[in-house]
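Trainee: Keeping their order, the protein sequence lines are chains A and B.
If you want my numbering, it's the 1-based position in the first sequence plus 129.
If you want my numbering, it's the 1-based position in the second sequence plus 215.
It cannot be assumed that every hint is accurate.
Which residues of chain B face chain A? A few of them, derived with a C-beta cut under 7 Å, are [what the hints assert, rightly or not]: (1) 247; (2) 309; (3) 312; (4) 313; (5) 314.
If you only want the chain B side, here are some residues facing chain A, beta carbon under 10 Å, derived [what the hints assert, rightly or not]: (6) 261; (7) 266; (8) 315; (9) 320.
Hint data in this document are derived by calculation from the structure and do not stem from the laboratory.
C-beta: ideal position from N, C-alpha, C; glycine also.
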Amino acid sequence: EPEVTQTPSHQVTQMGQEVILRCVPISNHLYFYWYRQILGQKVEFLVSFYNNEISEKSEIFDDQFSVERPDGSNFTLKIRSTKLEDSAMYFCASSDRGLSTETQYFGPGTRLLVL
Amino acid sequence: AQSVTQLGSHVSVSEGALVLLRCNYSSSVPPYLFWYVQYPNQGLQLLLKYTTGATLVKGINGFEAEFKKSETSFHLTKPSAHMSDAAEYFCAVTDRGNMLTFGGGTRLMVKP
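In isolation and in its complexed conformation, chain A is listed as follows (with noise of 0.2 Å):
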């Protein structure tokens, strides 16, 4: 059955650091997400990607962040400076189609650890 895969499943990084978490999706997906989790808080919606462009964002979502889809394959998530409150389980997703109802797909997490 296809999944989801990331990579690192976990790192640790400096604060100020710029760490890059990697994400390969469904093949036949064209829709692609980053949730985080906070350690004892609720997954947050980050970010949606479709078509090479931003097609939703949450406020946590600021200019530190970025997403690419560098080749046509991979998604990654850049932080470019980390801060202690970055330190997160992040979760890559992916689905089919845009819609709503749609199932997304998640990956097993990257669990960022920066200090």
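Since the structure of chain A is provided, determine the placement of chain B on it from the hints.
Mentor: This is chain B only, laid out in the frame that chain A set:
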């Protein structure tokens, strides 16, 4: 703005007992509702969803949920718990965009 409340961050049941995980939502428009499950070291997996039509929705692994508009609820049930059901369960809602809004999650523990 839409929101989701899951009552009970931890629920413990005995194997074979009824599972009931509660979810209440608020939404300004008729919502689409989802239940996801997360097993350790895995991603969120869809259990079931309600979009339109029949309000009782059946999902994988014997789970079902009923959309009750008057109660703004979408509680998840399973008649008989199995040890393999131990996981974290997330209720989520979306309206007309594709942004999922999640509840806080409920960790289900199943005792032998």
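Trainee: All the hints need checking, so say for each whether the structure fits it.
Mentor: For each hint, the structure was consulted:
no. : hint : verdict
1   : 247  : holds, 5 Å
2   : 309  : holds, 5 Å
3   : 312  : holds, 6 Å
4   : 313  : holds, 5 Å
5   : 314  : holds, 4 Å
6   : 261  : holds, 5 Å
7   : 266  : holds, 4 Å
8   : 315  : holds, 6 Å
9   : 320  : holds, 7 Å
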